[in-house]
Amino acid sequence: MKPGAAAFVLAVAAASAGAAGLPDVAGVQAAYEAARSAVDAASHANDLVIQSARCQPLSPGRQAAAQAACQIDFVRRLEPEGRLYFEIVTLEARNSGAWELLSGLCKTRPPVAHPGRSPAI
Amino acid sequence: MRIAPLQAIVRRLVCLVGVVILGSVSAQAGPLAELPVLKSQSGVLDVLVVARGDKLASLGRLPTTAWVYDICPRPADGSSSCPPKPPGTNLYGGTRLALQPGDTLRMRLVNQLPPALDSEHATDPGNAYLRLNPTNLHTHGLIVSPRFPTKGNPTYGDNVFVMTLNPDNGLPGPGDVLHGDVRLSDTEYEIKIPNSHPAGLHWLHAHIHGLTVNQLSGGLSGVITIGDPADYLCKNAECSAFLKSLPVRHILLKDTQILKSGTLLSEQRPDFCKYKPSDNETARQGSCAGVHGRPTGGGDWYFSLNGQVFPHIPVARGQGEIWRLTTGSATVTYDLGLRDDASGRDMVMQVLSVDGVAVQPDADATPAEMMSMGGAKIASVPCPGDLPGKLATKPLCATRILMLPSSRVELWVAHRDALGRLAPAGAKASATLYTAGYKTGPAGDAWPAIDLARVSFRGTAVAGAPQVLAVTGDAQATLRDPRRLGAELQAANAAFPRGLDCPALAPGHMRRIFMGFTPGGSVAFGLGYEELDENGQPVPGTFLDIAPFDADRPTLCVPLGAGNSPAVERWEMVNIAAEDHNFHMHQVKFSLLSRDRISGRLVPHRGGVLHDNVPVPHAQGDCESVSDWRAGRCTAYPTTVEIPFTVAGDFSYHCHLGEHSDSGMMARIRVRATK
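As given, the protein sequences belong to chains A and B, one line each in that order. Per this note's numbering, the first sequence starts with residue 2, numbered consecutively. Per this note's numbering, the second sequence starts with residue 565, numbered consecutively.
Note that these hints are calculated values from the structure, not bench results. Careful: at least some of the hints might be erroneous.
Facing chain A, from chain B, some residues (calculated, C-beta under 7 Å) [claimed, not checked]:
| id | residue |
| --- | --- |
| 1 | K715 |
| 2 | P718 |
| 3 | L735 |
| 4 | M935 |
| 5 | A1059 |
Derived EDC-like pairs (lysine to aspartate or glutamate); straight-line CA-CA distance at most 16 Å [claimed, not checked]:
| id | chain 1 | residue 1 | chain 2 | residue 2 |
| --- | --- | --- | --- | --- |
| 6 | B | K619 | B | D641 |
| 7 | B | K715 | A | E80 |
| 8 | B | K715 | A | E93 |
FRET-style restraints, in silico, Cβ to Cβ [stated by the list, open to error]:
| id | chain 1 | residue 1 | chain 2 | residue 2 | range |
| --- | --- | --- | --- | --- | --- |
| 9 | A | N96 | B | G826 | 48 to 56 Å |
| 10 | B | G666 | A | E34 | 42 to 50 Å |
| 11 | A | A46 | B | V812 | 50 to 58 Å |
Quantities reported herein were computed from a predicted structural model and do not represent experimental measurements. All residues carry an ideal CB built from backbone N, CA and C; glycine is no exception.
Could you build the full structure based on these sequences and the hints that come with them?
This is the structure we're talking about:
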C-alpha cells in the first residue's frame, strides 16, 4: 500500500471511531443544510440524506483539521428509485464547533458560460 | 484542430523558422503478438482493472512511463493490485476481455495513475482537479445499461458520469468543480450483456471530460469482444470448414508522443510531426520525428499495434487471416491501406464488420448504395467472385478504410492479385499496412502518414476456397429492430426515473445537431440543437445555440415507446466548422440514411452497415455561427442517421476526436423509461 493510501485509511479509521476534529455524517449534513439556506435554498435540493462520510484532514498529517475532505454518499428522499450518489466535499471548522461547506454538493461552482442556453427538458 | 492558448500559438509561429526534421526511430518489433485475453467463465468475467503508470520499454530509446490498464482476475483477498507480470510484459498494448452474450462483466476500477501534470484543460476555470488524473471506464459499443448505483446495488453500469480519484495525487480543493459522481480510490462496475446482444468487436477506454486526449494517448484502452467471428460468418458447412482454417488476430492501434527526454506527452499535439515525410527523413516505420524547435522539443510519435512499433505480421496460410482492428487513438484519423510491396497497389480486403456489427447489405444492393451505407469510412470496391444470387447478402470489399478515433473494423486479409482474387504468394510476397495520412479540413489537422507494419504472405489458398466469406447472423435485424434487446433491458430501463416532461418527437419530425465553435468569440467547441418538422423546417422555440458540454444536466430527452419498447428517431448532424468531426453516441447503433435522387426524401438502406461513430465532413466556406450557416455563408454536408433507442438512462453523444470532446463538443442525453 502506498503511503498516501495508508494515511487515508488511517484517517477513515479515525473518523469511523468518532475521533474529534473530523466531520461525521451529522456534521456534513448540517454543513450542507446551512450552505443551502445561506446560498440559494430554492436552487438546491432539500431532500439530500447523507448516508456515510469518510473524512481526512486536508492538511496531511493533521488529525485536528481546520479543513477536511470527505467521501460521502447520499440518497434523495424524493427519488423512489433509491439512487445512491457519491461526492467529495471539503469543509472548514468554525469556532462554534460546526463545519462549513467549502466545496461539493450545492456549494461550489464558478459560473460556466452557456450563451443562449436554455435546457430542453 | 487543437484550441491552443495564445502563447502557444505565438511560440509555434516563431518556431516555424529553422525547422529541421530528424530521422525517426525505426524499431523492428518482431512478430505481432496477440493481446493477452481474459475470458468469462460460467457467464461471469470478474476482473480488477488497475489504471496505473508503467515503465514502457517498447517505445523509444528511453524508458517511458505510460498509463496502462493492468487487468487480472479479481484477487480473492480484495487486493488492489494484480500479481506481478512476467518481465517484458507489454501492458501498454492492451488486454482483451472475451465475453459471450448473456454474460455479466464485473470490474473493480482502481485509480493508481500518476498526476496529469500537462493537462491543458486543468487551467480552465474550476478544472484544476484534472491534474489529479481522475479516471473512469466506458465499454464503447455495448448496448447495455448505463445504470447508476442504488442502495441495493452500489455498482455502476456503463456510466461515464462518475470519476475515480487517486488519493495519492491529493484531493480536490475549494474552487474545483467536479461533475457527476466522485469517488476515491476505486469504483465497482457491473455490466449485464443481454442474451440477444450480437457478437462483435468493442473496446474499453477512459472517458473523463477534459482528459480524454491525455488518458487515451497515455494508453488507457483495451479490447472487448462478444462471441467470435464464427457467430456471424460462414454458416453453411463448406464455408464453415474454410473459416476454421483462418487465424484470427486482434489488433489495437495506439499512438503516443514521447519527448526527447523520454517523457510521454499526454497532451498530444496534432502538429507534432509533419504530415508527409520530408525528403531527408528516413522511412516512417511506426513513428515520425517530432519537429525541431517546437514547444514539444523533438522526440517521436509512435504508432503501435498491440504496443509494438512496426511489427511483422506473418500471414502464413494462403487463405489469409481475419484481422479485428480497433483504434484506441485519442485523436488520429487512420486512412488504412495494405500496399503490395511489389506492385505498389492497395490490396483488396473484405470488410466483415464495422463498429462491432456484421455487415449485411441486401444481395441486390447497388454500387451507389454500397458506397453510401459505409459513409466516409469504407470506400467500397467490387468484391472478387461476387456473383449475383450466390450469397444471401452482398459482400463489402475495400482497398482503404478510414478509421476515425473509436472505429472498429474486421477484415479478411489474404494475398490477392490486381483483380482482388486470391493468389498464390511467392517466396517474397509482402505488403505494408500503412496509414496514408489524412487532412480533416482547412481548419483541421493533418494526421501523419506512417507505415504501421510489415506483412508477409506465404502459401496458396486451399482448393475451392471462396473468394468472399458469407456474412450471416442476426446482428443487423437485432439492432435495427431491437425489441428483443429492449425486452431484456426492461428491468434495467424501469429502474430509471420516469419524467413527466419528455415528449416524443411528432411523426415525421427529426432532430438536428449542430457541430462547431461556440458563438461570441469563444474558442470552445460545442453542440447545438433544433427540432425539424415533417417538411424539414425548424420547429419554433426549439433552437439551442452551440454551447459547450454541461455535465450536470441533459440537453435532450428521448422517451422510449409504449411499454419501454424501442424508440426510433432520425438525427441530422450539421457540421458548420471547417474541419471534420466524428459523431458518436453511447448505448446505440445507427444506420446512415441517404437521399433518394428523385424524390429527395431520406431513405434507409436495406440491410448494410451499422455504426456507433460516423465522420461528419467539414463545411465549405466561412461560418462562425449557426446564423452564418442559415445566411448561406458556408455550405454544410449533413449526415443523417436513424437511431433505435433501446436503453434508458443518461448517457452522452459527442465528437469522438478527443481534443474536440475535451473542449466541449459533447452533450448529455436522457432516455426516459415510460410507465
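Which earlier hints turn out false for this structure, listed by number in ascending order? Hints 4, 6, 8 contradicted; others consistent.
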